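If you're matching them up, the sequences are chains R and S in order.
According to the numbering used here, the first sequence is numbered sequentially starting from 1.
According to the numbering used here, the second sequence is numbered sequentially starting from 1001.
There could be a bad hint or two in this list.
[Said to hold, decoys possible] Covered stretches of chain S, going by a simulated chain R footprint (3 or more residues, C-beta under 8 Å):
1) 1025 to 1037
2) 1045 to 1056
3) 1084 to 1093
4) 1111 to 1123
5) 1190 to 1201
Hints listed in this document are in silico derivations from the structure and should not be mistaken for laboratory results.
None of these values were measured; they are calculated from a predicted model.
Using N, Cα and C, we set each Cβ at its ideal position, and we do this for glycine too.
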Amino acid sequence: MRKKLSAFADLDTQLLAVDPHEVYSARYLLKETGFSSDDFHYPMLMDPSLTVSAKYGVAFQMRIHVEVSNRPATFLIDKQGVLRYAKRARTFADRPTPDQIVAELQKLR
Amino acid sequence: MPKLPVLATLVLSLLGGSSAALGDDAPSPEHWIQTFSRDWGARKWSQRSPRTPTGYMRAADDDSWRLRMQALQALIAHGTESIPALVDALQNSEAHERILAAQALGYLAPEVPGGPLWQAAKHDKQAAVRLYAVDALGMQGDTGSSVDWDALRKDEKNRDVLKHINYALERGDAAVDAAMVAKLQNLDVSTIDTAIVGKPAPQFQLTSVNGQDISLADFRGKQNVVLVFVYGDT
């Protein structure tokens, strides 16, 4: 997805990621891999109350790493705040490609 | 197929309460745990894989996650009143009940007795229970620093539980954030699962890893948003 960030910028689009944990897991993993949070090229938003995950219909649907965690999903929201695209994964690898997202964004013009 | 969250709503209306305003007639923590347990326990995980032979994803038409979220919200909204029922569920019940109990106790952690959490973190046969109990011990804050993390690490073989011990240590002495718990307590359950194509996207306001507060409203009239929900692990 990072490779498409310039394409997103050209299409007036901001990429946001949502992680259902408190900030400590991300901080630990950044330290462990030698990155800092400045290396993120897009905001990684933390949703430990799970309220956003629940509103978007992804909470408690996958258990890959023992936890009962979020189903991976991608949503596209236009400039009027309307939800225009939603893809909730059926299997772990079932996600739209960056090119597919760009194609969906181009439909919004 | 009947929607089980509707069943919960019927129960609430019979009792004359509503999940948004806890009156004397609101279902008890015990009731929420039992209702969740019957519903969740009746469904199976699908998508078997070599690493997860018992399945790792709920079926697309399985909406038992909604009742789980309602139960979690209600248990946290009851606050310290829920702790006895949750500690009981943590020690005496089926695996999926113990998992929910350990997770819920994390949100109430500063008020939870450390003994039962420690026992669960050290001795529960289910890695998921140990993982959430480890989280909850960390979420206790100052009291969490009196936990013998080395003793927990020593015999732990599950890599995900070991990772969560490291996450707990990363907290230092930071307890679970009260404002975050309040978000869960104040969740309007009628907004669960309301992201529908063609309708206004659910609003949100969250903090990023580097401390930036970001709302969906920030982008209105300016940018489209691609919102990706990730697992949040390596």
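- Tell me, which hint numbers fail for this structure? Of the numbered hints, 1, 3, 4 do not hold.
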